[in-house]
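Trainee: All chains should be modelled from the sequences, with the hints used to inform the complete structure.
So you can see what is in the structure, the chains are spelled out below.
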Amino acid sequence: MMIETRGLRKSFGDHVVLAGIDLDVAEGSIFALLGPNGAGKTTTVQILSTLISADSGKTRIAGHDLAREPDAVRAAIGVTGQFSAVDDLLTGEENLLLMADLHHLSRREGRKRAADLLERFELVEAAKQRPATYSGGMRRRLDLAMTLVGNPRLIFLDEPTTGLDPRSRHTMWQIIRDLVADGVTIFLTTQYLDEADELANQIAVLDRGKLVAEGTPDELKRCIPGGHIQLQFADACGLEAVAHTLGEMVRNDEALTLQIPTDGSIRSLKAALDRLDYETNAVDGVGVTVHTPDLDDVFFALTSHPDPQKGDGR
Amino acid sequence: MSNFSFALRDSATMLRRDVQHSLRNFSIVFVLLVPIIMLLLLNYVFGGAIGAGLGGVARGSAYIDYLAPGIFVMTVGSGCAATALNLCTDMAEGIVTRFRTMAIFRASVLLGQVLGSLIRTLISVVLSGWRCSWASGPRRVPSPGSRRSASLRCSPSRSHGWGRCSGWWAKRRREPTASPSSSNYWHTPAAHSSARNRCQLESAGSRSFSPSRLSLTRCGGCC
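For the protein sequence lines, the chains are A and B, in the order given.
Taking the working numbering, the leading residue of the first sequence gets 751, the next gets one more, and so forth.
Taking the working numbering, the leading residue of the second sequence gets 530, the next gets one more, and so forth.
Every clue listed holds true.
One-sided and incomplete, this derived list gives chain B residues near chain A with beta-carbon spacing under 10 Å:
{"#": "1", "residue": "Arg545"}
{"#": "2", "residue": "His550"}
{"#": "3", "residue": "Arg553"}
Worth flagging that the hints you see were computed from the coordinates, not collected in a lab.
By construction, the Cβ of each residue, glycine as well, lies at the ideal position given by its N, Cα and C atoms.
Mentor: In structure tokens form, the structure reads like this:
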């Protein structure tokens, strides 16, 4: 195990941020921590990356005790936060050389590592420019490249693709996959559920300082009933007629949609459509979309307490 | 031992970063130039008015001898302020957070900034000290009434000026070092205030301290 946490607690004054968290992250995997704003994701990352200390609980990272050997832990980890931790007054190359010096690499080795990373992250042309002239995606790549100078075995990525365009996001995802292929462990927090779905081997959902679910993306989706077909009507009359005949279902009068629950199999889909055709004979002008449960459903089901969007066509 | 050498290396790395910073943002310009501009402003532009306001005190010693220590304190102060500002920027940008998650000698982050600031401030103090000495360089006293010697008095001798730029040093030299009977002796600040302005006045044949007559342009001609 790369990260083993037992009973991690942290509170700021009376406000309990983490109320006893147990995490197990296997070596060479991508672990995603999901949760609404204020759930304690960033606090967890800050504790695990030695920035702040926990009130209680035991944590071992890369075989070292977090509280007793913080320097050994720091030597094994790399952190790329949602803040951009690059030096704006140094060029891209100088930023990497600074990191190489702080990792006590020899001058020659540092230059070689910097050149390799610039090439790998497609920053060669921008190497002599300052990050102030970089685009958001380039900045994020430089940020990650700086983290990689020290060859960390575990990398914390705190919302790595926030604010990036789709192409840059996919580039970043590919970089992350390549890292894992090299044996690096990734601890990811993200707001984007499709990102966790795309990348993560293991997902934990954090809500109000507690882990409410943990498992692979498929496991999580399976335990949530969210699959349905959605019927889109052209006018309110058609909606009214079908809703009246078919009885109980989720209905949205504003969007003119009806949702019929299914388990996602062809059999249940066919049964629902047959029933629609047979009982109402109103299939003309009705659009159909099939919705399988995704992590959004998991997220809303598990963290549903103050959710104003519940029942809003989901 | 290896811990110690790592600490040294980390501090040197941070110092290099700080020097690179000060060459690229404009803090070096502020730290180096502001004291000098203030010195020139307070000496040449407002110097006459303030010097006259000192009254009896000014007669005991040169105005520049009161000004110079103040400029030095201001130089050191603005150096400290620049360091605080740099550190604050670092903290806000998140790079310090990155340093804190790395296995480096933690004090080096601060140490690099402090050493860099020390170097900048030293350069600045030396520069403004040199400027002070230039402004208060020793003069030769003329034989009374001679216009030719009036111009002689005004030629600044920079080689002897450095030691006289601060007040405490000036006090040590209050006593004339050469016999008054000698026609050419090195004059002291005790006898002449704001020497260059004075020489301007004297060559103009006036003894009154009028700020308008102590302007930089009038002084420029004889100095």
